[in-house]
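Visitor: Residue-level listing of the chains:
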Amino acid sequence: MRKIFVLEDLDCVNCANKMENAIKKIEGVEFASVSFITQRLTLEADEKKFDEIIKKVVKTCKHIEPDCKVIL
Amino acid sequence: MKEKSLTRKEKRNLIRIIVALTLFIIIFTLDKIFVLGNILTGNFSWLLPFCLYLLVYIIIGYDIIFRATRNIFHGKIFDENFLMVFATLGAFALAITKGVMGQEIEGFDEACAVLIFYQVGEFFQSYATNKSRKSISKLMDIRPDYANLKVGENIDKVDPSIIKIGDIIVINPGEKIPLDGIVIKGTTTLDTKALTGESFPKEVKDGDEILSGCVNIQSQIEVKVTKIFYDSTVNKILELVENAASQKSKAENFITKFAKYYTPIVVSVAVLLAIVPSLITSNWFTWIYRALSFLVVSCPCALVISIPLSFFAGIGTSSKNGILIKGSNYLEKLNSANIYIFDKTGTLTKGNFTVTKVFPKENGEEILKLASIAENASSHPIAKCILNYYNKPIPSGYTLTNIGGKGVIASNSHETIYCGNAELMQENKIEYPHQDGTGTVVYVAKNDTFIGYILISDQIKDETKDVISKLNSYGCKTIMLTGDNKNVAEKVAKGIGISDYKASLLPQDKVDEIENIMNTKQQKDIVCFVGDGINDAPSLMRSDIGIAMGNVGSDAAIEAADIVLMKDDLNGIILAKKIAKKTLKIVKQNIVFSIAIKIAILALSAVGITNMWFAVFGDVGVAVLAILNAMRVNKIKKTKS
Chain A
1 MRKIFVLEDL
11 DCVNCANKME
21 NAIKKIEGVE
31 FASVSFITQR
41 LTLEADEKKF
51 DEIIKKVVKT
61 CKHIEPDCKV
71 IL
Chain B
73 MKEKSLTRKE
83 KRNLIRIIVA
93 LTLFIIIFTL
103 DKIFVLGNIL
113 TGNFSWLLPF
123 CLYLLVYIII
133 GYDIIFRATR
143 NIFHGKIFDE
153 NFLMVFATLG
163 AFALAITKGV
173 MGQEIEGFDE
183 ACAVLIFYQV
193 GEFFQSYATN
203 KSRKSISKLM
213 DIRPDYANLK
223 VGENIDKVDP
233 SIIKIGDIIV
243 INPGEKIPLD
253 GIVIKGTTTL
263 DTKALTGESF
273 PKEVKDGDEI
283 LSGCVNIQSQ
293 IEVKVTKIFY
303 DSTVNKILEL
313 VENAASQKSK
323 AENFITKFAK
333 YYTPIVVSVA
343 VLLAIVPSLI
353 TSNWFTWIYR
363 ALSFLVVSCP
373 CALVISIPLS
383 FFAGIGTSSK
393 NGILIKGSNY
403 LEKLNSANIY
413 IFDKTGTLTK
423 GNFTVTKVFP
433 KENGEEILKL
443 ASIAENASSH
453 PIAKCILNYY
463 NKPIPSGYTL
473 TNIGGKGVIA
483 SNSHETIYCG
493 NAELMQENKI
503 EYPHQDGTGT
513 VVYVAKNDTF
523 IGYILISDQI
533 KDETKDVISK
543 LNSYGCKTIM
553 LTGDNKNVAE
563 KVAKGIGISD
573 YKASLLPQDK
583 VDEIENIMNT
593 KQQKDIVCFV
603 GDGINDAPSL
613 MRSDIGIAMG
623 NVGSDAAIEA
633 ADIVLMKDDL
643 NGIILAKKIA
653 KKTLKIVKQN
663 IVFSIAIKIA
673 ILALSAVGIT
683 NMWFAVFGDV
693 GVAVLAILNA
703 MRVNKIKKTK
713 S
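Residue numbers (our numbering), protein chains in the order written: chain A, 1 to 72; chain B, 73 to 713.
It cannot be assumed that every hint is accurate.
Think about it this way: if two alpha-carbon atoms lie no more than 20 angstroms apart in a straight line, the pair counts; the simulated PhoX-like pairs of lysine-lysine are [said to hold, decoys possible]:
hint, chain 1, residue 1, chain 2, residue 2
1, B, K639, B, K542
2, B, K464, B, K433
3, B, K650, B, K322
4, B, K257, B, K277
5, A, K24, B, K329
6, A, K24, B, K322
7, B, K206, B, K707
8, B, K429, B, K441
9, A, K49, A, K59
10, B, K653, B, K707
11, B, K429, B, K456
12, A, K25, B, K332
13, B, K649, B, K549
14, B, K422, B, K563
15, A, K24, B, K332
16, B, K148, A, K59
17, B, K148, A, K62
18, B, K650, B, K392
19, A, K24, A, K55
20, B, K296, B, K274
21, B, K537, B, K422
22, A, K24, A, K3
23, B, K322, B, K649
24, B, K81, A, K69
25, B, K222, B, K299
26, A, K25, B, K148
27, A, K25, B, K329
No wet-lab data here; the hints were simulated from the structure.
Excised from the complex, chain A in its bound form (with noise of 0.2 angstroms):
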């Protein structure tokens, strides 16, 4: 299931390619793309465990950048 969210308050490059990557290594996801630009999450995962995969990633963004929401 593909899906995107929108990332409120993200305010550095660097941290979105860092969210990118801790997001890419969590298990189930198969593919992730954090856009600076646009402030959007595109995640790719499993469908059956998808909310338990976007609890992760919400807890992932919140440690590398604590300013940023995910808009669930």
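Place chain B on chain A using the hints.
Guide: Below, chain B without anything else, positioned relative to chain A:
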């Protein structure tokens, strides 16, 4: 400028920068005139300038200090905020130590200036990205907010996403068309600018198919919906643009990788620089100061941002011109694409067959009449084309015999008409002058005597020759795929100047042909397939870059293609190529220029030729220049077509 050009956050930051800068200039001037460090005496002489500068420091840097502190607790020492605070506080500490030791007091101003410049850079980055974000969101304006659903005699304003296929919607003048459908009542003019990039008014009437995303400009129409919102053109386009940023280019990946190693390397060198030479020369002040200057340049952000910003500007500029590009990687590939494969019908040609020649001319009327009699009952496209062209009452009373694959024989009591290809003539032993025109030749004979022939062909698009010759002049290879026989294909190819052709291909052979080209190409070659999007999804997908053109309504084309030309105009390829070229040129300039300046600053700081002032000024300066350079992508000249 009445328009709100700054966000609230940006406004707050701008005010903060102005306040801090003004205060800084006042304190700095006072310091230079009165030497604040000399007002108090003794070991605490540093206290007065320290307090004044600290005030500026806190105003300009409170958020950075906050974030830096928070990040230390997360164990992130390679964080830009932390490094900035570390560098500037380090400068403060050096100044205080010097003060305590009774040396000349300097360095407070520097620490403040570093943070002020840093914030200026951040502000500029945020402004530039927001601005380019806005340019794309203007494109997003095509998203319809509502649809007027007609239920019985009532009209309800509803969310387009709840409308089902077969529902009737009403579109008033000035409104966006929310879903794809067929006009069932009324005639009007549509503005297709949002879809094609050109304000070209399009007339529509009952029975015409219309695409969502256009704007109704004239009068009210009723439309029967043929696609739900999710499948509608407008949604497909929006999805495509939103997704575009997720397909990253090689240049972006390179810079991301560079950034990943850059900071740790700079920090490590800074640590070495602070310790090793100091141990040898025991000149700790100098070397720690140089190491701190290093840290000021340790953030790669400015460099990292200018690259995606350039690509984004490229994609945005393309969209504005009706060219949708699915990702920066395709922009990158398009720049170096050197093999262009064109599907002939509908791509190089208009795709509509017409009578282009009747021979001999003086018998034209008679030839067409005879042919029309013979083809009267046929539904073959060639027959329809002749009938349309003749467009006069046709005598009846003939017996029509269809000779499969050859033509038709029409006869009545006193004459027999033969109408068909060369084989039909040969079979009936009619002498005829053989023709090798580009297209289909229909021979007409009456009572065993040849009367004349009709040439039916697909018309080459007006711009085809020009576009092909431009591609050739760029050193690209152009190949045409066609179902025509070799003779015809060769003539067409020569006529439009295409360098190679593959003839007599059945539709399914085209993918194999592309497969073949893909397998035999050299590694550096990039193959681009251009098709009209009808039945060529596999070819669009198999090639390195699939370009679909002129068929915005075709879902398969939008999904399978990497680049979609909304307008049925080959010049779009040239324009897209120009945009790609400019984007990549700017990206290269930015990478080389930014990295070179950064290395130069680092080197000069290490040997002590420059100070912290220069380091931060250079770093922010290069960021601003790179961003301004990236914005230049927007200013591409549109060639007149």
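Visitor: The structure should be examined with respect to each hint, and the outcome stated for every one.
Guide: Hint by hint, here is what the structure shows:
1. K639/B <-> K542/B: With a Cα-Cα distance of about 19 angstroms, the restraint between K639/B and K542/B holds, given a limit of 20 angstroms.
2. K464/B <-> K433/B: holds, 18 angstroms
3. K650/B <-> K322/B: holds, 19 angstroms
4. K257/B <-> K277/B: holds, 8 angstroms
5. K24/A <-> K329/B: holds, 15 angstroms
6. K24/A <-> K322/B: Holds, because 18 angstroms separates the two Cα atoms, which is no more than 20 angstroms.
7. K206/B <-> K707/B: Roughly 16 angstroms between the alpha carbons, so the hint for K206/B and K707/B holds.
8. K429/B <-> K441/B: Holds. K429/B to K441/B sits at ~15 angstroms (cutoff 20 angstroms).
9. K49/A <-> K59/A: holds, 16 angstroms
10. K653/B <-> K707/B: holds, 13 angstroms
11. K429/B <-> K456/B: holds, 16 angstroms
12. K25/A <-> K332/B: OK: K25/A and K332/B at ~16 angstroms, within 20 angstroms.
13. K649/B <-> K549/B: holds, 15 angstroms
14. K422/B <-> K563/B: holds, 17 angstroms
15. K24/A <-> K332/B: At roughly 16 angstroms apart (the allowed maximum being 20 angstroms), K332/B and K24/A satisfy the hint.
16. K148/B <-> K59/A: holds, 16 angstroms
17. K148/B <-> K62/A: Status holds; Cα separation ~14 angstroms.
18. K650/B <-> K392/B: Cα-Cα ~14 angstroms, so holds.
19. K24/A <-> K55/A: Between K24/A and K55/A the Cα gap is close to 14 angstroms, so the pair holds against 20 angstroms.
20. K296/B <-> K274/B: Roughly 19 angstroms between the alpha carbons, so the hint for K296/B and K274/B holds.
21. K537/B <-> K422/B: holds, 13 angstroms
22. K24/A <-> K3/A: Judged against 20 angstroms, a Cα distance of about 14 angstroms means the pair holds.
23. K322/B <-> K649/B: Holds, at roughly 18 angstroms.
24. K81/B <-> K69/A: holds, 16 angstroms
25. K222/B <-> K299/B: holds, 16 angstroms
26. K25/A <-> K148/B: Satisfied, since the Cα-Cα distance of roughly 19 angstroms is no more than 20 angstroms.
27. K25/A <-> K329/B: holds, 16 angstroms
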